[in-house]
Structure formats: C-alpha cells, structure tokens
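Both chains are sitting in their own frames, so use the hints and assemble them into the complex.
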Amino acid sequence: MDPNQIIILAIIATSVATFISRFLGALTSEKVDASSKLFDWFNLVAYSTLAALLGRIIIFPAGVLADADIIIRLIVLISCIFIFIIMKKNLVIPTIFSAILLSVLTSI
Amino acid sequence: MINSKIFFKGLKSLIGIRSPAIPLAACFVALGALLKDAGLNIQQSAASSFFTYALPGQLVMAESLLIGASIINIFIAVWLVNFRLYPMTVSLFPLLKHKSQPRWKYYLSCHFLAISSWLIAKDTYKKIDQKYRIDFWMGIGFGTWTTAIVTTLIGFTLADYLNKDIIIGLAIVNPVYFFCMMIGAMNNLKISLAIILGTILGPVFFLFSSEWAILFAGLTAGSISYLFGVRDGS
Chain A
1 MDPNQIIILA
11 IIATSVATFI
21 SRFLGALTSE
31 KVDASSKLFD
41 WFNLVAYSTL
51 AALLGRIIIF
61 PAGVLADADI
71 IIRLIVLISC
81 IFIFIIMKKN
91 LVIPTIFSAI
101 LLSVLTSI
Chain B
1 MINSKIFFKG
11 LKSLIGIRSP
21 AIPLAACFVA
31 LGALLKDAGL
41 NIQQSAASSF
51 FTYALPGQLV
61 MAESLLIGAS
71 IINIFIAVWL
81 VNFRLYPMTV
91 SLFPLLKHKS
101 QPRWKYYLSC
111 HFLAISSWLI
121 AKDTYKKIDQ
131 KYRIDFWMGI
141 GFGTWTTAIV
151 TTLIGFTLAD
161 YLNKDIIIGL
171 AIVNPVYFFC
181 MMIGAMNNLK
191 ISLAIILGTI
201 LGPVFFLFSS
211 EWAILFAGLT
221 AGSISYLFGV
231 RDGS
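Listed in order, the protein sequences are those of chains A and B.
In this text, residue positions in the first sequence follow my numbering: the first is 1, and each later residue adds one.
In this text, residue positions in the second sequence follow my numbering: the first is 1, and each later residue adds one.
Chain B on its own, in the form it takes in the complex (with noise of 0.2 Å):
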C-alpha cells in the first residue's frame, strides 16, 4: 500500500544539514509555552499541533484567546492567514500524482502540508521515482507534523523555565530557516523575482490591511512575475 523504503527515505530528511527539524523545534517549542500562557492545557496543545499544523494559525488563536476574541473571529483570522496552503498544495501535489497511486492518499496527506515540509518536497521530488514520489511526501510529512507535536509538548512542559529572551531567540529561527530554504529555491528569474516582489510586498500591504495584506501582495507579486515570465518566454 505505501512504498516503505520510500517512506522512510521521506522521512530521513528529518537528518543531515538540511534537517528542518531544529527550526521546527525551536518554533513549536515556543508555541508550546504560548499555548500554555493561552490557557489551554497540555492535551489541549498537543490536539491543537495534531489537528492544525500550521504555526501562523496557531499564533492567531493563541492571540486571539488572550484577548478574548469570537469564535468566528478567530476562523477567519486564521482562515485568511493559513490561505498560503491552497496555493501551496496545489503548486506541489500535481507533481507527486501518478495514476496508480490511490487517491485518499493526497487528500490525507495534504494535512502533513507546511511551509517546511513543503520547501524539503519541492528542493528533493525530482530525485524520487513519480509513482512513489506520494509515499516520499508522506515520509516527509509523517516526521515533520510529529516533530512539531512533541517539540509542542516539551514547550509546554518548560514554559516556567524559558525566559523571555530564550523565547525571542526561538522565534527568529522559523523565519531565518525560510528564508534560507527560499534563497536555496531561487534558480531561476521567475521565482527569483516572485520571492524578492513578495518579501517587499508583504510588509507594504500590511501597513493597508493586516488581514488581506499576505493573500493580496502573494497574488500580486506571483502573478506579476509569472506575467514577466511569460514575456520573457520561458
């Protein structure tokens, strides 16, 4: 049913220098003590890194909570920031199709999708076999969404002894380690400028609207620069 030497082959990608393993960590460790600080309790944290999986989302409720906002509030904060995904998904899983493959496979795995497990599946797809790339995304997926559910919990337990300056250190390593990842991705014009036009855009759009501001300047600047490619012609 899924390729096993495949699998684990995804989720080896946990190990070596490319390993996503410690900017996850450093992350979900952080939200762990966050979550903790919101007033959930700690199988609370652990279903909240389970069913959500996607740290900005998380961030959103957590917040929210604090400050006492609505349920409806709060699906569509976390609603318009975790958009990312549907371009996302759809920008990798067409690569991982093959006809022999079951379909409840995707629409199962399309949980494991983040940004990390995302950026290790489009630096490394090319290298697997197409009818066993899915088995290698679950590999990835599988280790990456178990990293952040454990590394949620030991944030948790060690809420009381991170102090504030700790907490600020992790939080920079997620967006440090993307970007990383991002540069690394950057081997042609088209996405080279998709990536330069959005980082701008991002913050120049958030000074208008802090909800929209993600989800218009990711239209913006890709459709800009797939409008320059196709002028370009490649």
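Okay, chain A solo, but in the shape it has when bound (with noise of 0.2 Å):
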C-alpha cells in the first residue's frame, strides 16, 4: 500500500477509535443522574484514569521524555507541584518553569 494510503488509514483509525470513548459517554451520560452513585463511582474512575495516565507517563514515558533521568523528572514534577501550591494555584509560572528547568537540567 502507498505510505501516503498507510497514514490516511491511521489518521481515521485512531479518531474513530478516539470517538467512539467519547459518544459513548455522551450516550452513557443521558441516563446518568449527576446526583447519583453511579455518577460519583465514574466521577473516582475518571481521575483515578487521569491518575495512572500521568503516573506511566512520568515514570515510564514514551518518546523523548524518556531521555531525561528519572530522578530528573520527579525533581522537575515535585519542585512545579512546590511552586503551584505557594503561587495560590498559578498555573503559568510552573508549567513554563517546568520546561526551563528540565532543559537546564538535562543539558547539564
């Protein structure tokens, strides 16, 4: 198959597979009471998904990420999450201090 066919199939693969999560839970959602149990069960699933998500990523990442140490990278998370909390919850100066130090970091 012509390379420029292979990555058309990809493209609609992955957001076919993407969406089908997503309507899903909007089908799901027509029937689920915001003020019920089975909302607060889904509401823990779904930062505890988020949770794991980002975990992996931090710990096993995939791509380039994984070039930085490992200690590198808790260091640069745990001085961010130090930063957001004494900032009143500033999300702007972390997140570009985060990309700052970890570059003065790996390049050292």
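Derived by calculation from the structure, the hints in this document are not laboratory data.
Since we're looking at a predicted model, the values are computed, not measured.
Glycine included, each C-beta is placed from N, C-alpha and C at the ideal position.
Check each hint, because a few of them may be wrong.
Straight-line alpha carbon distances no greater than 16 Å define the calculated EDC-like cross-link-like pairs of lysine to aspartate or glutamate that follow [stated by the list, open to error]:
#1 B:K99 / A:D33
#2 B:K97 / A:E30
#3 B:K164 / A:D67
#4 B:K99 / A:E30
#5 A:K89 / B:D123
#6 B:K122 / A:D40
#7 B:K164 / A:D40
#8 A:K37 / B:D232
Covered by chain A, according to a simulated footprint, are these stretches of chain B (three or more residues, beta-carbon under 8 Å) [unchecked claim]:
#9 131-144
#10 155-169
Here it is in structure tokens:
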C-alpha cells in the first residue's frame, strides 16, 4: 500500500477509536443523574484513570521524555507542584518553569 | 441557539493564570514535530489534531507508524489509551445537562473532551447557570481544540529548528500542568485517594501489561476510593 494511504487510514483509525469513547460517554450520560452513586463512581474512576496515565508518563515515559533521567523528571515535577502551591495555584508559572528546568538539568 | 455570551465566557478560560493554552501549545508543538518525523505532511498533521484531538492517542499513532504497525494494531492501541475519555465524559456531561438544550450540542461537543478542557470544566461549571452550562463547555472546548490544531501546525513548521533539549523541555510541560490541576481538584478525601492511588497503580500495573495498565489501574483505584467513600458515609 502507498505510504500516503497508510497514513490516511491510520488517522481515520485513530480518530474513530478515540471518538467511540467520547460518543459512548455522551450516550451513557443521558441515563446518568449527576446526584447518583453511579455518577460518583464514574467521577472517581475518571480521576484515577487520569492519575494512572500521568503517573505512567512520569515514571515510564514514551518518546523523548525517556531521555531525561527519572530522578530529574521527579525533581522537576515535585518542584513545580511546590511552586504551584506557594503561588496560590497559578498554573502558568510552574508550567513554563518546568520546561526551562528540565532543559537545563538534562543539558548539564 | 448557542448563548454567545456564555460561549465566549468559556472561550475566555484560555487566558489568565489558569490558562491551558501554554501546556496545550507546548505539547502540540512537540506533536507537530513528531508527526513530521513520522512521515505525515502538513495537511495530514492538521487533520490528525482536528479529528482525533487526544494527545496520547496521536502519540501512539505516530510511534506505531514509525515502527510500521498494522492499522488494526493502531486502532486497538489507541482505543485502549484513549478509553479514559469514556469515564471522563460520563463524569462531566450529567453536570451540563438541561432539558431545554438540544441533544446535538452534547453529541457534537463530546469531541472537545480532553484532559485540559475536562479539568477546566470541572473546576468552573458551578459558576454557570445549569441551563447554559453546555454553551460554556462548547466555548472551553472550541478554544482548546483550535489551540491544539494551530499549535500542531506551528510544531510541524518549526520541526527543523527544534533541537532535542527543547522537545524534552516541551514534553514535561503537559504532565506538570495536569498534575497541578489534579492537585487543585483534591478538595475531598475520596477524590484525593482516587488521584493518589491512581498515580501509584498506573506505573505499577504498567510493569505487568503496558496496554491494559491505565484502564485497570483507573478502575481499581477509582473503585477502592468509591468503596472507601461509601464506608466513610460521604
């Protein structure tokens, strides 16, 4: 198959595989009441799944992040969370700082 | 049809001290460069962010293309990594429901569901009258989605100028932003437990299965926190 066709098929497959979860979510939401126990469970599972994904990204990253040492990744994450807390939950400063700190620490 | 005042209020969440624009830009610029590496042209890269708009899935696609995986394998791997969008939608949309609003708004705007837009909506929905929450959500979603598409194009264009140290720096921005947002959301014991357990179980389960880890870790940590809440009476 022509590589261009493979790329187009891959984009379609990725988009459909992603939209299924969103669409099913919207469909299920019609039947779920925001004050129900089921909603509460979904809410906690959503936060846990997100946290699991982020924990995985920091500890076992895919792609370029793997080139930075795990200790460096953890130092950057923990110091940025600390900045976030002391800066009264400002998100812009810790995020910009994280990129600069990681670039500096990896280039030493 | 759409309350424009509320829509723009949602769109405005792109600016200010809690802005998701910087982390979104950082990760989609890096993605744009990666898509170019994976052999996509500029139109295909924009189409990927336009139609998929879910970074972990797009990363899986790019990396799978680089190693020559089959389309079926890409589909399954992306479905597994993006399955989190299902519980995320179910834990947001019931909060935005109103009987006066047409259903198409929900089915169309579910495409805007991503970690950044979800965290912002969960953080701010209470400030909006229930009747117009869906319009507010559409504003947030439209803003984050277009930011992702535009910055993918920027990343593609700048790919040759981005050295490895810059790409590594960009790659950390997103997890740092999401971790900070989640810590900001830890306003009760159940959610705090769900987040802490999830963070621990995600990497632990990854040691046993790289594909199913996130799904199982999320289900396990979420259910334990739920049972803890039931026992606690909250």
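Report task. Check each numbered hint from earlier against the structure, then list the numbers of those it violates in ascending order. Result -> Violated hints (numbers, rising): 7, 9; every other hint is consistent with the structure.
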